[in-house]
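*Asks:* Residue numbers (my numbering), protein chains in the order written: chain A, 1 to 485; chain B, 1 to 483.
Keep in mind the hints are simulated off the structure, nothing from the lab.
Among the hints, a few may not be true.
Here are the computed lysine-lysine pairs in the DSS-like style, where the Cα-Cα straight-line distance is at most 25 Å [what the hints assert, rightly or not]: (1) Lys-339/A <-> Lys-214/B; (2) Lys-256/A <-> Lys-458/A; (3) Lys-334/B <-> Lys-389/B; (4) Lys-296/B <-> Lys-170/B; (5) Lys-386/B <-> Lys-464/B; (6) Lys-20/A <-> Lys-38/A; (7) Lys-336/A <-> Lys-129/B; (8) Lys-170/B <-> Lys-206/B; (9) Lys-39/A <-> Lys-109/A; (10) Lys-296/B <-> Lys-386/B; (11) Lys-340/B <-> Lys-400/B; (12) Lys-339/A <-> Lys-362/B; (13) Lys-79/B <-> Lys-379/A; (14) Lys-464/B <-> Lys-339/A; (15) Lys-432/B <-> Lys-400/B; (16) Lys-87/A <-> Lys-56/A; (17) Lys-119/B <-> Lys-79/B; (18) Lys-355/A <-> Lys-79/B.
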Amino acid sequence: MTHPSQLGIGDLRTALDGKKTSSVEVTTALLETINAGKKYNAFIEVSNEQALSQAKAADERFARGERAPLLGIPIAIKDNILAVGTKTTCASKILGNFLSPYDATVTKKLRASGAVIIGKTNMDEFAMGSSNETSTYGSVKNPWDLDRVPGGSSGGSAAATLAGLVPGALGTDTGGSVRQPASLCGIYGLKPTYGRVSRYGVVAFASSLDQVGTFARSAADLASLTEVISGHDALDSTSVAKAAPAYSSALTKGVKGLRVGVPKEYFIKGLDPEVEKAVLTAIRKIEDLGATAVPVSLPHTEHSLAVYYVLAPAEASSNLARFDGIRYGFRIPEPKDLKDLYYRTRSEGFGKEVKRRIMVGAFVLSTGYYDAYYLRAQKVRTLIAKDFTNAFTQCDVIASPVAPTTAFKIGEKMNDPIAMYLSDVFTIPVNLAGLPSMSVPCGMDGKGLPIGLQLIAKPWDEEALFQVAGAYEAATNWHSMRPAA
Amino acid sequence: MEFEAVIGLEVHLQLQTKSKIFCGASADFGASPNEFIDPLTLGLPGSLPVLNRRVAEFAVMLGLAMNCEIRQFNRFARKHYFYPDLPKGYQISQFDEPICERGHITVHFGDAVRTIGIKRIHMEEDAGKNIHDTRTHSSLVDLNRAGVPLLEIVSEPDIRSPSEASAYLKSVRQIARFLEISDGNMDEGSLRCDANISLRPVGQLKFGTRTEIKNINSFKFVERALEYEIVRQMAVLKSGKEVAQETLLFDSAQGVTRAMRSKEESADYRYFPDPDLPPLVINESWIEEIREKLPKLPEQRLKEFCEVYGLSTYDAAILTAERACADYFEAVFKVCNNAKSACNWVTSELFGALNKQSVDIKETPVSAQHLGELIKLVEGETISGKMAKSVFEEMFATSKSPGEIVEAKGLQQVTDDGAILAIVRQVFEQNKSQATEFIGGNDRLHSFFVGQTMKLSKGSANPKKVNELITAELSRLRAEAQK
Numbered sequence: 001m002t003h004p005s006q007l008g009i010g011d012l013r014t015a016l017d018g019k020k021t022s023s024v025e026v027t028t029a030l031l032e033t034i035n036a037g038k039k040y041n042a043f044i045e046v047s048n049e050q051a052l053s054q055a056k057a058a059d060e061r062f063a064r065g066e067r068a069p070l071l072g073i074p075i076a077i078k079d080n081i082l083a084v085g086t087k088t089t090c091a092s093k094i095l096g097n098f099l100s101p102y103d104a105t106v107t108k109k110l111r112a113s114g115a116v117i118i119g120k121t122n123m124d125e126f127a128m129g130s131s132n133e134t135s136t137y138g139s140v141k142n143p144w145d146l147d148r149v150p151g152g153s154s155g156g157s158a159a160a161t162l163a164g165l166v167p168g169a170l171g172t173d174t175g176g177s178v179r180q181p182a183s184l185c186g187i188y189g190l191k192p193t194y195g196r197v198s199r200y201g202v203v204a205f206a207s208s209l210d211q212v213g214t215f216a217r218s219a220a221d222l223a224s225l226t227e228v229i230s231g232h233d234a235l236d237s238t239s240v241a242k243a244a245p246a247y248s249s250a251l252t253k254g255v256k257g258l259r260v261g262v263p264k265e266y267f268i269k270g271l272d273p274e275v276e277k278a279v280l281t282a283i284r285k286i287e288d289l290g291a292t293a294v295p296v297s298l299p300h301t302e303h304s305l306a307v308y309y310v311l312a313p314a315e316a317s318s319n320l321a322r323f324d325g326i327r328y329g330f331r332i333p334e335p336k337d338l339k340d341l342y343y344r345t346r347s348e349g350f351g352k353e354v355k356r357r358i359m360v361g362a363f364v365l366s367t368g369y370y371d372a373y374y375l376r377a378q379k380v381r382t383l384i385a386k387d388f389t390n391a392f393t394q395c396d397v398i399a400s401p402v403a404p405t406t407a408f409k410i411g412e413k414m415n416d417p418i419a420m421y422l423s424d425v426f427t428i429p430v431n432l433a434g435l436p437s438m439s440v441p442c443g444m445d446g447k448g449l450p451i452g453l454q455l456i457a458k459p460w461d462e463e464a465l466f467q468v469a470g471a472y473e474a475a476t477n478w479h480s481m482r483p484a485a
Numbered sequence: 001m002e003f004e005a006v007i008g009l010e011v012h013l014q015l016q017t018k019s020k021i022f023c024g025a026s027a028d029f030g031a032s033p034n035e036f037i038d039p040l041t042l043g044l045p046g047s048l049p050v051l052n053r054r055v056a057e058f059a060v061m062l063g064l065a066m067n068c069e070i071r072q073f074n075r076f077a078r079k080h081y082f083y084p085d086l087p088k089g090y091q092i093s094q095f096d097e098p099i100c101e102r103g104h105i106t107v108h109f110g111d112a113v114r115t116i117g118i119k120r121i122h123m124e125e126d127a128g129k130n131i132h133d134t135r136t137h138s139s140l141v142d143l144n145r146a147g148v149p150l151l152e153i154v155s156e157p158d159i160r161s162p163s164e165a166s167a168y169l170k171s172v173r174q175i176a177r178f179l180e181i182s183d184g185n186m187d188e189g190s191l192r193c194d195a196n197i198s199l200r201p202v203g204q205l206k207f208g209t210r211t212e213i214k215n216i217n218s219f220k221f222v223e224r225a226l227e228y229e230i231v232r233q234m235a236v237l238k239s240g241k242e243v244a245q246e247t248l249l250f251d252s253a254q255g256v257t258r259a260m261r262s263k264e265e266s267a268d269y270r271y272f273p274d275p276d277l278p279p280l281v282i283n284e285s286w287i288e289e290i291r292e293k294l295p296k297l298p299e300q301r302l303k304e305f306c307e308v309y310g311l312s313t314y315d316a317a318i319l320t321a322e323r324a325c326a327d328y329f330e331a332v333f334k335v336c337n338n339a340k341s342a343c344n345w346v347t348s349e350l351f352g353a354l355n356k357q358s359v360d361i362k363e364t365p366v367s368a369q370h371l372g373e374l375i376k377l378v379e380g381e382t383i384s385g386k387m388a389k390s391v392f393e394e395m396f397a398t399s400k401s402p403g404e405i406v407e408a409k410g411l412q413q414v415t416d417d418g419a420i421l422a423i424v425r426q427v428f429e430q431n432k433s434q435a436t437e438f439i440g441g442n443d444r445l446h447s448f449f450v451g452q453t454m455k456l457s458k459g460s461a462n463p464k465k466v467n468e469l470i471t472a473e474l475s476r477l478r479a480e481a482q483k
């Protein structure tokens, strides 16, 4: 049998259902792969014993006749998602030894489907970053080139999925943190419609933008994984009571008659010419398969970055207020008084980028500045969302680049936060509008680094994304490319 | 120049819902520290708020009871500050879009009736408790109270005196208790009050500088704190200086207000709409549903008790002070159909006994049904009023019905003329010298004979009859004597 690190979710499902292997075998094999893959630094915590006992339990469930999509299949989750039996650190010192006291809803759903939660993946601290370089546990390396970033903030989940350490993983996407690493690693990444997946048990960064997303090496795997975690959760007031359709069935619909919108504002100076070429080629390919490309305009795109870097830090400054050393997590030893306790715990516990964003956030919410910054940004956000609504009257899906460049070198952008922020210029508007969006492998640059195609759909229309991805995948090979071992 | 006090009160009402405002942890009190907790109460990472619908319902109930406009599109806001009893580092409250606005209530105090405006009512969550342990120089945090639902009621600055303030607070408490949304106990902390007070020359429209007095925990202290503050501010103004705008604490031991040491230099709360909670939309039909289910309010019941039962305002006010009392009275009336008697028995005998034993009316050992029956026994002259009082005592001690007690002890009033006359004659027989005097013309001995007759009958003779029959017997004996 092919080594499990070469098998996707679907293939593992077939092998397990066909009794060609067991969950314990698969899990053991992948634990070895993870161990051999330490150079990627993709994991913060590997649940060695727990994974094996979960695998054993899965095998028992299987023996009793139970069948479920992920039964016995190891999946990794980003270390800002709570799972009992693991720590949840958000790659931060301030949550250094924090043991997950309860399961996130998405964790519960994975367990109900029989998944083996094999470990917690590395990430940018508190999900703030586009390169996975701000982690307290060190940078994640892109398996395509160990001197390069995998993207962020879900860099660990992307790298682990690409390198075969797991067949699929969960991440979170607030401004592109699933799509951008998927693009830089050459795998699939999906951010669902805001409200499609529960945020309960996911450490909040920016509440109105965060969504749990999925990584996989094929469109079918992506569909299976996304189906398992989708659905209304009464514990999350922002989750919507809409039944999640079976995305898998959209994979074979084909794209005949589909209108693909191409937004002119996304093909700008600063976009790497090789990326642009690959994306335009991909769009033409989709046309060959029966779709029609139509030019569309999203006129307020240029304001997206500014809007995001007002709203996201604002919400973050609020969501991170609870990390104060009082009830859990890191606390400085021997505080002089309460003020000292707060000041030093948060100064030492948070990394530079996190502190930078908390300060920006507190500022834009402060008296005298709220109207000019936060309120105004929310209003422009509405205009950005309206741009998409208008565009979707002329097309069914929007196609664009995911990131302006391919994977950059580790350290290249760390001294220039703005340059770093620009990596998310194409993904951010999607979070502002709450739309579903997917990164699809669509090319390679001259250096052998992957390029991703971003597909954006109307709210609740993830199916359109799978429709295009399924058709495109069947006609191309980019998604099969792997780094040399 | 004459000055007047301009007073506004902010009341925090703790609601008696089963669970907290944004999570399922219990909102009860009296547990050991940190028993009623869950991820949101602890402010754990990944926790999210879900609105307890009852809280919105209670808020609408209170708004309607206070004649407010109910806001249909509601938002929650986060109010940020750092303190150990605030687990998330922010309190979820409402900022510029409160659920109720522009209302008013009628306050009776003494003979006066005043209308006090209600500026706004909003929903928010309570914080936990910090207990400072001086032995170990540490603070202990108990989060049981964190997340308990509160309604904040802000009055217009329409109050003009400390006693009016106290009367206003009592009315608010009364309304809350009638609606059964809060037990409004100042000493348990389910009703808290902050007072704002300024002085201005009578006739001037512009407000003077106000001070805020925080955390006064009894009605009496509210009056005292305001009285003190009026005197203090008057002195400042008379000396030509200006009143400083500051936050004060009331030192109840010394009876003075004191400036709070600023623990947070006027904090910037950085309010913004809570992104975890979608707007709460309250539609007309829900408001109407709530309006229909509203119990009668104190003001209305007071009016009814006067008009329907013919009670004096004074009596009606006593009976309608608590909903449980008003309900009790009406239940008694239903049985005995005599408002005056019911009122007397409830307000003097029952309340007297309850107060003496510190029993709440809700735990009364004497049911309304039984009290009604007792009154009927007196009205029907089965027992005397005096006898009824001791029957009542027995009822209070045993919860037995009056019928049972009267039966068991053979306390039925004797009303039969013949039987009473026999006793009267016996008394005359046994008290020959007084009898002679009495017949001889000493009318003042009438009460002696009444007393003796009652005594001999062990109190069971109908006093009216005894009186009549003694008079009749006296006439007969006097007539005989003259023969």
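*Asks:* Next step is simple, just say for each hint if it's right about the structure.
*Replies:* Hints and how they fare:
| no. | hint | in the structure |
| --- | --- | --- |
| 1 | Lys-339/A <-> Lys-214/B | 23 Å, holds |
| 2 | Lys-256/A <-> Lys-458/A | 18 Å, holds |
| 3 | Lys-334/B <-> Lys-389/B | 21 Å, holds |
| 4 | Lys-296/B <-> Lys-170/B | 17 Å, holds |
| 5 | Lys-386/B <-> Lys-464/B | 12 Å, holds |
| 6 | Lys-20/A <-> Lys-38/A | 28 Å, violated |
| 7 | Lys-336/A <-> Lys-129/B | 21 Å, holds |
| 8 | Lys-170/B <-> Lys-206/B | 28 Å, violated |
| 9 | Lys-39/A <-> Lys-109/A | 31 Å, violated |
| 10 | Lys-296/B <-> Lys-386/B | 36 Å, violated |
| 11 | Lys-340/B <-> Lys-400/B | 24 Å, holds |
| 12 | Lys-339/A <-> Lys-362/B | 48 Å, violated |
| 13 | Lys-79/B <-> Lys-379/A | 21 Å, holds |
| 14 | Lys-464/B <-> Lys-339/A | 81 Å, violated |
| 15 | Lys-432/B <-> Lys-400/B | 43 Å, violated |
| 16 | Lys-87/A <-> Lys-56/A | 22 Å, holds |
| 17 | Lys-119/B <-> Lys-79/B | 20 Å, holds |
| 18 | Lys-355/A <-> Lys-79/B | 20 Å, holds |
In terms of the numbered hints stated before, the structure departs from hints 6, 8, 9, 10, 12, 14, 15, listed from lowest to highest.
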